[in-house]
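Visitor: Here's the letter readout for the chains.
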Amino acid sequence: MQTAKLKRTSLYASGANAINMIQAAFYNEDCLVYDLEDSVPTSEKDSARLLVYNTVRYHRPADKYVLIRVNGIYSEYIDEDLEAAVRARPDAIRIPKVEYPEEAARICQRITEIETAAGMEVGKIEVWCNIESYLGLINAYEIATADPRIVALALGAEDYTASMKSHRTKAGAEIFYARNALLTACRHAGVEAIDAVFSDINDIEGLKEDTALTRNLGFDGKTCVHPRQIDIVNSFFTPSPKEIKYALRVLEAVEQGKLQKKGAVTLDGSMIDKPMELRARTTLAQAEAAGIKIGGDQL
Amino acid sequence: MEIKQAVMVGTLESSDIQISISPNPNKGLEIQLQSVVNAQFGDSIIATITEVLESFGIKDAVVNAADRGALDWIIRARTQAACCRATETKFDWEGEN
Amino acid sequence: MINAVGRELPEKIGDYIVKPYAGPQEAIEAEQPVCSRRKPSKRAAGNKLMPDLKAAIEACGLKDGMTISFHHSFREGDKIIGQVLTAIKELGIKNLRFAPSAVVNIKNPSIVDFVKDGTIDRIQASGIRGELGDAVVDGLDLSEPVILRPHGARPHAIETGALSIDVAFIGASASDDFGNCTGQTGPNACGSLGYSFIDAVSAENVVVITDNIVPYPCVPISISQMYVDYVVKVDEIGDPVKIGAGAARMTKNPRDILIAQRTADVIAASRLFKDGYSFQTGAGAISIACTNFLAEHTEKAGIQASYALGGMTANIVEMHNKGLVRTLLCSQSFDAVAAKAMADDPNIVEIDNSMYANMFNKSCSLDKLNFGVLGALEIDVDFNINILTGSSGEMMSGLGGGPDVADGADISIVTIPIIRGRIPSVVEKVFTCCTPGSSVAVVVTEAGIALNPKHKNYEMIKEDLEQAGIKTVPIEHLLKTAYSLTGVPKPVETTDKITCIVEYRDGTVIDVIRQIKRD
Chain G
1 MQTAKLKRTS
11 LYASGANAIN
21 MIQAAFYNED
31 CLVYDLEDSV
41 PTSEKDSARL
51 LVYNTVRYHR
61 PADKYVLIRV
71 NGIYSEYIDE
81 DLEAAVRARP
91 DAIRIPKVEY
101 PEEAARICQR
111 ITEIETAAGM
121 EVGKIEVWCN
131 IESYLGLINA
141 YEIATADPRI
151 VALALGAEDY
161 TASMKSHRTK
171 AGAEIFYARN
181 ALLTACRHAG
191 VEAIDAVFSD
201 INDIEGLKED
211 TALTRNLGFD
221 GKTCVHPRQI
231 DIVNSFFTPS
241 PKEIKYALRV
251 LEAVEQGKLQ
261 KKGAVTLDGS
271 MIDKPMELRA
281 RTTLAQAEAA
291 GIKIGGDQL
Chain H
1001 MEIKQAVMVG
1011 TLESSDIQIS
1021 ISPNPNKGLE
1031 IQLQSVVNAQ
1041 FGDSIIATIT
1051 EVLESFGIKD
1061 AVVNAADRGA
1071 LDWIIRARTQ
1081 AACCRATETK
1091 FDWEGEN
Chain U
2001 MINAVGRELP
2011 EKIGDYIVKP
2021 YAGPQEAIEA
2031 EQPVCSRRKP
2041 SKRAAGNKLM
2051 PDLKAAIEAC
2061 GLKDGMTISF
2071 HHSFREGDKI
2081 IGQVLTAIKE
2091 LGIKNLRFAP
2101 SAVVNIKNPS
2111 IVDFVKDGTI
2121 DRIQASGIRG
2131 ELGDAVVDGL
2141 DLSEPVILRP
2151 HGARPHAIET
2161 GALSIDVAFI
2171 GASASDDFGN
2181 CTGQTGPNAC
2191 GSLGYSFIDA
2201 VSAENVVVIT
2211 DNIVPYPCVP
2221 ISISQMYVDY
2231 VVKVDEIGDP
2241 VKIGAGAARM
2251 TKNPRDILIA
2261 QRTADVIAAS
2271 RLFKDGYSFQ
2281 TGAGAISIAC
2291 TNFLAEHTEK
2301 AGIQASYALG
2311 GMTANIVEMH
2321 NKGLVRTLLC
2331 SQSFDAVAAK
2341 AMADDPNIVE
2351 IDNSMYANMF
2361 NKSCSLDKLN
2371 FGVLGALEID
2381 VDFNINILTG
2391 SSGEMMSGLG
2401 GGPDVADGAD
2411 ISIVTIPIIR
2421 GRIPSVVEKV
2431 FTCCTPGSSV
2441 AVVVTEAGIA
2451 LNPKHKNYEM
2461 IKEDLEQAGI
2471 KTVPIEHLLK
2481 TAYSLTGVPK
2491 PVETTDKITC
2501 IVEYRDGTVI
2511 DVIRQIKRD
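Protein chains in written order, with my numbering: chain G, 1 to 299; chain H, 1001 to 1097; chain U, 2001 to 2519.
Keep in mind the hints are simulated off the structure, nothing from the lab.
Keep in mind the model is a prediction, meaning the values are calculated, not measured.
Some clues are possibly wrong.
[What the hints assert, rightly or not] Label pairs and their calculated CB-CB ranges:
1) U:Lys2368 / G:Glu174: 55 to 65 angstroms
2) G:Ala62 / U:Gly2469: 14 to 24 angstroms
3) U:Gly2023 / G:Pro241: 25 to 35 angstroms
4) G:Asp203 / H:Gly1028: 53 to 63 angstroms
[As the list claims (entries may be wrong)] Short derived list, chain U residues pointing at chain G, Cβ under 7 angstroms:
5) Gly2023
6) Pro2254
7) Arg2255
8) Ala2269
9) Glu2446
All C-beta atoms in this analysis are idealised placements derived from N, C-alpha and C, irrespective of residue type, glycine included.
Taking the hints into account, I'd like the entire structure generated from these sequences.
Guide: Rendered as structure tokens:
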């Protein structure tokens, strides 16, 4: 059975900071993003690239979804970043500030070229696109469908609000539309949607309110700015018994369909498509990650 | 490969290592190590640094390493970055295929 | 011979006859009455106030080869030990046995110098942190190895006569002229004097040293005039900043916070975490953070702990003030808030260190303890703990009450990062075994939680953690993770010379420390 990799929480570890990178592997985040971009000063882009490369290639944490965030598409670092990042063999490469589908497609093409040159399995590395401007948001669906590698879009609220001339607030009314628009695009494209950070690391109550919204809107996960946010955010992605039951029924129907060699499987009169099946697997994986025992008579 | 400039990479933070490389024309490799874990890992640290220098074909250089308990691959990465800067070359990514 | 934790020991070390650690003990029958050197009515109605330290030392009849004791409650702010040893040295008294409850890292003057000049030639304590410890493991010239005992074992050694004290010097932040004294008031308050009670009742001579003489009677009376021979006023007994001026702050290290949080989660998942539970968390960075998380869990569960034990910190006092723990039993006060709290609140109690941890008492408070949180330098795959020596064999810390707490608590939890810099803390075999693995129930690290399948409460803990959805890993997994990060360190080489004997809480020898071989 294919196991869905959870993406409830993403934590950045700066490629400029050795201890940060080592320790980040031990928190409870689902996705660990080794960063070459914003957290690395321009004078250390080369050393950070090598630090991240050696870490991910030879000492990546086994139980996490590992990403490398490369520098901007138009920066002087992107070519070498990709040479390093692809050969490091992460689960995904996260591309900052994507605004047009052509940009995403070009990066994906470049990844294919490097995979081929390096004799790696082509297409294995996934891509996340950060949507950080109104242009990116307008083109979100096209970006999400620009290449099969693209599995998630992540909202970057700070740059987005700057592009909108909005004022950033804790309540987040200024990004409410962006959240919904991004989600809509992701759902239609069948990719996952990752919500923006909550930046005040000392405001636990604020984080809880914000994450409740993240979860209720329908996001699959959220980027965290500090390790202490991780357990709180994860806890909001614990599915309810009702959701778990439904997910189990979906998968049971899929299994039955396979046994009976049916092309289309239905449950309660609606057809189960691939995203629904994946969603069910994610629900069960979330339940398991939250320590809920599945199976037996309990659920 | 020739050392073209004196460089320094890495920090003195815990779990990091600072590698300085400077030219040493025709005098071979001189590696000085200062480490908080010298007793347990001194030999291993020198071996890693030497191996990286050799992979760059560096035959003459003075290397000063100030280690604050860096893990082996951190030492490797810091030394690689220092070699690139010192020799003014780009890292050979194709060599990593 | 080899003891029950697999340590190679000689039968005899000089005159010291080695009783090897034989495994957990159940019931202990006392064979003889407790020993005390106390003499009644020595100085009826006389003036106890002496003009200076030398006069008091001479009045006690201190001679070459005798044993002197101190408490360590002033921690690194202690100015008493230095003054007393200087006075002794100036009187030309030599070859003393120095037996404080612990040696903290005090400099100017340094204890090492008093060893080198022959004032001290033997040492017994719970720990010999700092310069002295480093010198000892490097082979400092003493006439016998240092004997290290956990807090609970020291009173026992005194009561069996193994440690017989000629003169006890007791620093107090307030005293009257008859020697009623306390650590709770005055400019250099250190809080509980719990470590000194056994010295006061057992030594042949007791000298109280203070910089703060108060009108008779001094209250609270932590140590009574009944036991005190002389009182000396000096200019300064300590440095309040180093004694522990403020409350220790919550650590910002996310790794330590994570370990602390997981530890509190383990406690909260236990069936023993219910109204009336008891705990000891301690004063390390992880411990303090753990206390905060434990307070949150306690509040959320709507329960109250019956008591907190041992060394007190400001945040345990805060838990008490919020009604989350009914009583604090303080054998030591780690900061100024904890030091001063006892004077105002009858539910914050100064207790004898022997009541806290001595397993040979008719009972001790640890016998009832539910949860004990411990720090460690190393833990091995048998769950044995090293709390003394660092990776190069250097003396890093003291035994403290760790071995006592591990044994006494229903659930003992070791909090430890799997690596510190490049040094693995989960190892195949600890360099110095201080606490037997059989008494360790749980180890919490940033890389996972491991349960000891050989602990008496293993089944219960396992079931409770499973119920709460807390995952565990085998300790071998933690070892593998640590070594995969650091590589395998070169082992520390030692000579045959034994520098320290490490006693367990039952008075047996659990390990020895041999001199480090230097290139």
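Visitor: Quick check: which numbered hints come out false for this structure?
Guide: 3, 5 and 8
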